[in-house]
Structures are given as C-alpha cells and as structure tokens.
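*Asks:* Given chain E's structure and the hints, the job is docking chains A, U and L onto it.
Residue numbers (full-length UniProt numbering), protein chains in the order written: chain E, 1 to 342; chain A, 1 to 342; chain U, 1 to 342; chain L, 1 to 342.
Any copy, or any two copies together, can satisfy a pair, since identical chains are not distinguished.
DMTMM-like mimics (lysine to aspartate or glutamate), calculated; alpha carbons at most 20 Å apart, straight line:
| no. | residue 1 | residue 2 |
| --- | --- | --- |
| 1 | 124 | 105 |
| 2 | 38 | 276 |
| 3 | 79 | 62 |
| 4 | 249 | 170 |
| 5 | 228 | 105 |
| 6 | 249 | 168 |
| 7 | 249 | 171 |
| 8 | 79 | 105 |
| 9 | 124 | 83 |
| 10 | 93 | 83 |
| 11 | 93 | 331 |
| 12 | 93 | 328 |
| 13 | 228 | 171 |
Hints were generated in silico from the structure; no laboratory data involved.
So you can see what is in the structure, the chains are spelled out below.
Protein chains: 4
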Amino acid sequence: MTYSIAILGASGYTGAELIRLIAEHPQMTLTALGANTKAGQSIAEVFPHLRHLDLPALLQIDEIDFAKIDLCFCALPHKTSQEVIARLPGDLKIVDLSADFRLRDPQAYQTWYGNAHAAVEQQKEAVYGLTEFYRDEIARARLVAGTGCNAATGQFMLRPLISAGVIDLDEIILDLKCAVSGAGRSLKENLLHAELSEGYHAYAVGGTHRHLGEFDQEFSALAGRAVKVQFTPHLLPANRGILATGYVKGAPEAVHAALAAAYADEPFIVVLPFGEMPSTRHVRGSNFCHIGVVGDRLPGRTIVIGALDNLTKGSSGQALQNANLMLDIEETTGLMMAPLFP
Amino acid sequence: MTYSIAILGASGYTGAELIRLIAEHPQMTLTALGANTKAGQSIAEVFPHLRHLDLPALLQIDEIDFAKIDLCFCALPHKTSQEVIARLPGDLKIVDLSADFRLRDPQAYQTWYGNAHAAVEQQKEAVYGLTEFYRDEIARARLVAGTGCNAATGQFMLRPLISAGVIDLDEIILDLKCAVSGAGRSLKENLLHAELSEGYHAYAVGGTHRHLGEFDQEFSALAGRAVKVQFTPHLLPANRGILATGYVKGAPEAVHAALAAAYADEPFIVVLPFGEMPSTRHVRGSNFCHIGVVGDRLPGRTIVIGALDNLTKGSSGQALQNANLMLDIEETTGLMMAPLFP
Amino acid sequence: MTYSIAILGASGYTGAELIRLIAEHPQMTLTALGANTKAGQSIAEVFPHLRHLDLPALLQIDEIDFAKIDLCFCALPHKTSQEVIARLPGDLKIVDLSADFRLRDPQAYQTWYGNAHAAVEQQKEAVYGLTEFYRDEIARARLVAGTGCNAATGQFMLRPLISAGVIDLDEIILDLKCAVSGAGRSLKENLLHAELSEGYHAYAVGGTHRHLGEFDQEFSALAGRAVKVQFTPHLLPANRGILATGYVKGAPEAVHAALAAAYADEPFIVVLPFGEMPSTRHVRGSNFCHIGVVGDRLPGRTIVIGALDNLTKGSSGQALQNANLMLDIEETTGLMMAPLFP
Amino acid sequence: MTYSIAILGASGYTGAELIRLIAEHPQMTLTALGANTKAGQSIAEVFPHLRHLDLPALLQIDEIDFAKIDLCFCALPHKTSQEVIARLPGDLKIVDLSADFRLRDPQAYQTWYGNAHAAVEQQKEAVYGLTEFYRDEIARARLVAGTGCNAATGQFMLRPLISAGVIDLDEIILDLKCAVSGAGRSLKENLLHAELSEGYHAYAVGGTHRHLGEFDQEFSALAGRAVKVQFTPHLLPANRGILATGYVKGAPEAVHAALAAAYADEPFIVVLPFGEMPSTRHVRGSNFCHIGVVGDRLPGRTIVIGALDNLTKGSSGQALQNANLMLDIEETTGLMMAPLFP
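For reference, chain E alone in the conformation it holds in the complex (with noise of 0.2 Å):
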C-alpha cells in the first residue's frame, strides 16, 4: 500500500530532507507540499537538488486538501506550527517538527519559549518522538512531537545511564557541537558563510538552550526525580552533523555495558567498541547516531561521546522513522542509507 503524504514548510532545510528520504520511500507519495513564503514556485526553483523529482509545485497551506492525505510532516518554524496544526483537521495523523509540542507542560513551554501555547487540547494528545524510547505510543499516535536534534543526541547518549542507575544524577554536563543547518535557512548575519568559516564559537551558554527543557522534562521522569544537566552548545564551520562530549561520573565499564545492553537491537543506534570515539563525518546523512565511551584518567568518571546528523536522525529521518510506525510500515524503511564520506 501507498501512502499519500504532505509537508508543510518544504521550502526550509528540514523540509528538502524530508522530500530527499521520502522520494526513495517505496510506500509514500509526496502528494501536497507547503510553504507560505515561496507558494507558486516549483521545487527546482526553490531547491535545484531535487529537480529530477516528479513533484507538486509548493502551495498556500490553506489550498491543500487534506482530506487526500494520510499523514502529514509539519517542518514549519516554532510557533507557526503551533498556530497552523490547531487548524488541521483533528483526524489528521502529525509529525511535527517543531518545538511547539514537545514540552508536556504547558508552563514549562511557557518558560522557555517565552509566549502562552496556542494549542493546548492538541498539545495533550502529542507524544514525544524520541523513537526508540516512545515506539508503542508512537504507533498509536494521531500527533507526534519530533525531538529537538541536541536534545536527541544528549538523550541517546544519557537515558540508559540514568536508567541503569550507573553515573550520579548531578554531575552531568554536555558539550555540545552542531553544524550550522541546525538553525535553519534564516537571514541571519552571524549564519553568513563569511562570519561562520573558519571559526567556532559557543552560544546560549550559561544553561538558556531551548532543547533544556527536554532534557529536564525527560530526564527527570526517567529518574523519578528533578535531573538537570549542565549543557553548552557551539556553533560549528560545517553543514550537518552534532557531536555532543558528555562528562559523567560513573564506571566506564558500567556505563558502556548499560549502553550496549539498551541499544543491542536497535538499527539506527551503533554503541562502538569500548575506547573507540565516533565522528560526525560517519554519520552524515545518514539516520545513524553512533556512540562511543571511554574512561578518564580520573577514576570514576568516564566520557561518552554521540554523534548524529542534526538533519537525519536529529529531525527528519527521526521524523519519518515515527510516520513509518505511524502508518504500519516497517520501521527502517527508506531510512538505511548509508553516510556521505568524503
């Protein structure tokens, strides 16, 4: 069986990533894409890459049918993706990729996102999209809530050490690097090619990222207890990928083991062998996040260190990795590709 998809903001990087994996899809057909800005251009004019592809010329959100549609992605920016998804039809299956219903608690997304939700009924049925660790409410959900891509990374890397009890609650902190399509195609001077290469530097420090309140929502249920990690993100002279050092304190041996167990069957989740550290070269454009572990010359305090593309595993592969459980197809589907290297 073929699925009839749309996506709503087609023209950003997240939206061409979607489009890239899902025209490989043998049970999905791109039927409707949106994206308000560049309504009426075809997707050659708005990304050259794809033109090999048969596909619709980009529409108004409000001209698509919705009633042709089996699932739609919603890779519109924060906030206006809350606004258009109260409008959908309320049958309508959902991956959002924004941060718009992440946060559980509408109060906590009011903290960190700075404006009162405005869709608070559809907010209470988003499950959150991390797959490998909501894979049954997933595949029952009509809305799920794709991860922010530092938040994804981080909680790959840490969930099964909070889990097996095996590091200290209170001593974590991430080091986070990201490549510079993890803030999107915005006009921004400080994303201009001229001010990025050749340099890096860090952001948001002090504990003010957004994908905190993930970390903090989940973490702490995880732990049954308030978990907050220290967690500083840099910006990166390059197009994909996030490699996230994370310091903890607990057995390295525990702490690989605990990894290893919790990712043994999983597809996408590569523990490496003890010692080894990935890159962020290896996994780019792939669906894979690799995760490497070694001990520190200080006992008792180990490095884990994991590593995704932002746009793949970290967004949109992620996303279509919950549409694949979403519409009953087998998981992996359209999504085994193998990294780009060199």
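*Replies:* Below, chains A, U and L alone, put in the same frame as chain E:
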C-alpha cells in the same frame, strides 16, 4: 537474481563510494573486498561510516576466489590496475575505474602516462565507459574502462555540440574546477586541510593534464578530424564536485537545442532551462549531471557549464551504471538517490 | 606628521579591513567611524576582533565634524555612496570604495547600474583608483574611485598585454573565481554558510557583471579602440581571495616578458617565474597580487593567472595605498604585512 | 639595535608563522633559516606566500654559523629538538617551540613522551615560556620552552582561578576544540582535507593528551598540591584557532573578578565583559587571547571560555614575545597586528 560482486581497491574513496552505492542495490551482493595495504582490517576500521554494513573483511587480492564473482570493480591506482587485471581470469566481467584502459592507442597511453602499457591484450577488448554514448558496447563488454571524472564532465558538455556541428572545433576552452576527493586518499602535502582550505589554484596548466588524452581521442573520433581543446583544471576547497565552464563559439540557442535533444531521454543528464546555471551542491552525492547554457554578450559566443559529483557520476556511480548494463540489470538501479543538500 | 582619518560605512567588511590596516599605520589616526545602521554601537560590538583598539564609537554620518578630517574613506554601498559624497565638503579628500565613481561616462554608469548618477559634478573630478596605472593622477586627486575587486584582478593581468600589443584584443576570456566576502555582509540566502560551503557555481554569466563596465572603459582607452572581454565570475566556498584565469592569444614568452617589464619596480605586483602558478592562499590578508604565465599546448595560446585578496589589494588595501599617495606618505606604508598562511 | 635571528625548522607551520611575524619586526633580522629536509630550497619554493621577503635560502642546521646569531628559535619536531639543542653553543639564547623542555621533571617527561630525555643538562636551565606568568625568569633565561598551544589556552583560563582560590580544584573540566594546523604539516591520512572538512571528532580522550603533563606540573605547583584536570581535545575543520570550554565549580562573579584582576594590565589577554563569549574568528592571526565567563543555571557552577590562535599566541607569537623579553626589546614589539576577519 542477485549477482556476486568484488571490489579491488576497496580502501580508497572510489572504493568507499562503490560500497555505499552497492550496499543498497537490490540485485548485488558484496562478496569480496580487496585492498592489499589494508588487508586483514575490517571495513569498520578502514571506513567507520560503513560500519553498519555486514561486509567481509579486506583481503589480499590474490586471496579472492574469482570463480565465485559475477563482476569485479577495480578501483586501484593507475598502473597497478593494468598489472592486476592482466592476471585476473580472462572471462571475468570487469569495470575498471583507473585510467589504464581508457586510451585505445597504446602509443597515446605511453605519451600521456609515461610508461609502456602492461596489458595490451586486455586493452584491445576494453570499451570506453561513458555510458550515455557507449551503452550498447558496454552491455556486451567484458572489460569496461571508466572515464576520468574531468573527462566525463567535459564530454557531457561538448559531445552533442561536436556531433551537431554547432560550434567551432578549433576554439573550445574548458575551465574546470574540481574538489579534492578527485585526487584520492593519498598522502601529499598539497592535499592537507591546512594547505587547501580557504584557498584555490590551478594545476596542470597549459595542456598537460592526462584527461586531455581522453578528450583528444573521443572528440577527434566524433568529429572525424583532430580536435584539441584547451583545458585548465583548478583545485577547490570542497570534498566533492566538478564544475566546468566551457567557452565555445556557436549560437547559444543552437547549443542549447543540441544538448536538449541529445539528453531528452537520459535519466541522469539534466539540461537546465536556457539561462539557468548549475552548481556542484545540487548534484553532490548523486549520479546526476546538470548542464546549463547561456549566450555571452559577444555575439556568437556561448558559455556551457556542467556539474557532477566526481565520486559518483564521475567515477563510482558511472561504474555501477555500466555494471548494471553488463549484468542486464535496469540501468538506473541503485542510482536514483537524491543529492545531499545542504 | 599624523593625519586624521574618517571611515564611512565602518561596519561592513571593507570597513573592517580598513580599520585593521590603519590601526597599524604610523601616520594615520582613526578619528571618526560612520555607520548609520549601527550608530551608537562600539566597535567591539560590531567587530569583536577589533576590540583591542582604542577607537571611537560608531556615529551617524551627519554627526561627523569633517572639518577635522584630513581624508575620508567611503566604504558605503553602491548608490548610497554618491548620495553621501554629494553632500560632503567640496575640499575633503575622499577615497571611495564603492562602484559609484569608477565609470567616467554617466551614460555608461546608467547602463551598468540602472539609475541616473546622483553626483555628476563630483564624478567629473574622480580619478580611477588602480594605483599602479594612475599613480600621478591619484597623488593630485581630491576624489579617488576605488576599482572593483574583480576589475583590479583582470586589469593587473591584462593591461600590460594590451599596452605591449602582444595579444589578440578580440579573443580575451577571463574565468574568475571569487570568495564570498566580495559579496559583502548583506543578508542574502545564497550567502549563508549552509548554501555556500562545499559547493561552487558561476553567476552573472554571459557578460552581465557590472565590473565589465570598468574593463570596457579601461581596456578600450588603453587600446584606442573598443575592447570587449568575455568574463565569467564564480563564487567559491572561501572567505577571501580572487583567482582569475585568463585565456589569451599571443606568444607565452612575449606575454610573460610584457608583464615582467611592466611590474619590475612595483612593490605589490609579483610576476612569478615563467610556468609557476599563483594561489589565493599565498596572498590572503596581504596587499600583494601574484601573476603567473604558462603557454598552452596549442601554439599561440597563453594562460595568465592572477591572484589577490579581494578585501585587501582588491579594495581596502588599494584604498590605503591611494590615500598614502594623496597625503604624500610613502606609498607602501602600512601595507607590507605578509599573507596569513595557513 | 637590530638582532640577528635564526630559525631551525623553518619549513613547518610554526616556522612560517615566525617568519611572518619577524619579517615586520623593527629590531630583528632573519639571518639563517634551517630546515634539514628542505635544505637548499628558497623560501619562495617552500612558502610561496613569503616570496616577497628578501630571505636566505634554507640551510642544513649544521651549516649555520651560530656565532653570528643573537637568538635562535627552534621550531623542530618533538625529540629532534632536544637532540639538536644539546649540540648548539651553550651560550646561545634559544626559544624552543617543541615539547622537549616544558616538563621540569625528567621522569614526568618520560612518562608522557615515552623516551628518556636526551638533553637533561639543558633541561635544567629551561624556563617555562608562558610569558604572562614567567616574565622575569624569561627575561633572564638562556633557554625558554614554549608551551603547548592547548596548554597555554587552558592556563590562561585557569591559573588566576587556582591562585585566587575561587574554584574547586578537584572538579575542573576542559573541553577543547583545536584547528588542524595544531597538528603540523605532517603527512597523515587524518589530516587530509577530504578526511577533515565538514566533520569533527574528539581525540586523545580520557586523559592521554601530552599537554596534560604541563597542566599537571603548572596547576599543582600553583596550588601547592596535586591538581588533575579532565581534558578532552577535539579536531575541527578550520586551519587556525583554539577554543576551550572550561567547566568549574565556583561563583561566576568571583571567577570573572579573579580573571579581570589578573589580566588588568596585560596587553594580549582580554577578559570580556561578564556574559560575553569569545570566538576563534576574533583572534585569528593575532597574539590576543579572549576569555569569557558566564554563570550556569546550576548554582555555583561557572563556564569559562578561552580563545586564541594556536599558531600565534599558542606558539610562534608567544615565542616572539619571549624573545623580545630575552633581548630586552619592548615586549609587544611586532605583535600588535589586528586579527584577520573575515
């Protein structure tokens, strides 16, 4: 039916690209990977980005049982390739990615490469591997010689113009820009990141690049007279992609029409609407070649620009396309993936 | 003696480059920095890399007391510059880095830039700022029009060849590759890191780039007849540097000799030994221009390649060189720094 | 007065950086350049970006007449340096940029570097070259051991905090990101452009990087007790720049105050206003080190971030600063150039 495939020279960039593509090919299985200098290592050690694949460890070439192989890709260095192929079974189907069998005239080979050919017999049966122009011969061939990546780019741009007689054959200039993976994975000071990034330069200036041997052979055969182009390659700070700017004398509309007609039914060669220009980033990681045409302000002069990924359509993708033909598999199988952007 | 200097448009890349250079100039003091959109900000806010300098905060241009200024650099956008300069004191020495005063013929200006010139009177006294060829006029000038960065590169390569009569004037092709800072600090989608890095493309193909107005004006004046070159610029994934590959018809030795003779006494123009090729990385951050010559395999054809830093010799370094002349300071003062490599 | 200077190891990146800086130094003349593997070549051959300088050709080290040299920089590889310095005249002033004389305890040297020290006598008189903290000893020294570039960065961030007693000495984490020129000009597969660009990874994870020997020596001496930090370096796709993110336990304001006080009179160490963050692009090519401080959301935890150019303040700039002191030249001479941005 599934075919059993070997790759010799699996530890270089074209070898890695072959594995990436073949891993998803529905009718091919990678049975043997040869790489003399890294024999004994697993693919995860040599190419960690391919560690999710269930592949055999690297072997010495003479450890491979070629009786079980349906088709063998040779991704070995120039000169090594002819020595190895001379010793392989005489009925083994081979796609060679090196320069060794591209020039039909052994004297021309010696002129451009500086040594006598060591496999003159095998050379006689070799078919030039530019798929779109040698399709029938390739389908019947035992040994196919993959083209140079620069040579492929230039020929896609110029062959239809020579055939159609729409340009001055004595006034052709190709100014070509190539990414660094074209130089392979060899340890040379000028390929270090610190030497290359943030800079660019021309090399082999003045008509000394070996791919001119292919241009001379092919264009002259096509024209029925000697055709010698000017060709200047430049090295650019990027990993993948060739963009060649061609300066020809002929009417822009006739040039565009000749290209459009020649490639109307080709799945991988995309002639852009008149006046649109290609970019390497729109073909990266794909088997597509984009070609644009625009008229210059000087009457009777036309600029033709072609772009492809040197590792895919320029070598390993082309090789797989040829292998599909040789094994009577649908030609586009395993090659329709979209480019990776950004 | 120390001169008092103002920079208008101090918040762009050419403004920053002027500050970098003048900060170390022994006979100049930066008295006023104008930048309307960022007026009120400190230089540390606008350019943190200049925070060690003791500089005045940015001002609105009309807040500046020009009576105290010995020389003013205008690094404003095209069109804005002529409007501002028309209102500045008529005896103020000015070096303009915009395109506004480069074309002597107001009609030519209108043709290339699309609007009537708003400062025709000032235009009459403007001297074209290609230092090595207008040195005496510049020393006596009140208003000097800095050249385009591409126009400078091409003229350094070609003027001596036209003057010496060693090339065919109707067969000149300039294939130019420019880094991204040449496009300035403006917010355009195609200047984002994720759009530019790892890729390259041609733009303004077919003879539409505005710097052709300068080539036409200068080359024709030099030759005493109309000279129209073919010129194709390309955008490269690097921050600084222009490399232009020139295809001319003429004897290689004569071409090299003409260049060597023309620049024998020039401190900044380096003609490489015959057969050696320049690289942008060897001039980055410096005021040098390197030029190489090689003969093609086709008799009577020669390749000339020039390289310079678009922000230094291509604009701000050139501007300072001109200012030195206008203030009767030794021409090379503040400009002999070595390139930054790697 | 002008001093006569020699550089041994002039063909590497730190050698090139020394030449770049000294070429503009008003009181130094480059008299001899040693580079055994490239002896006989001109500087234009080895470093075309320095071709405008009037410099002697490269020599074998034993061809140099050290009697005419006032001060010698050794930019040789580790281990080679000690062997060469052991044979140099005993009264020659030397600034060594290698790791060979940084560790005062020969046993510690052997532990970190794996071999017995071959110049134990010379080691005894060596002064550790972190200028801002060993200024007086350096001024009187004959042999100064330049610090590691990572070690310099971390010490600038942490020494004042240890001295002031404002942080927990057992809870210091340094997550460091280094550009590729820090690895030198050596031919290693992992330094190729195609391997490095568009990706990043950690290396020497777990406390195995040799610069930890310097941290241990210096921090422990400062604290009067053993201090062992956690240190994880990462390799980034850029040519120059180190950015280190330090996680400490202490009050943010006290941390900032301690740094501001320590560096109030230092010309090269810039403590940013509280809450501002440095970037490698704001120090590139300069001798400045920028340090920023911000408090984490977790009470009592502070993030300190330092940035410098590994080739300048991290090695060759520091070396020149030390040489100035040793020759009784004003310390900042030749080192006040602004960073190169973009």
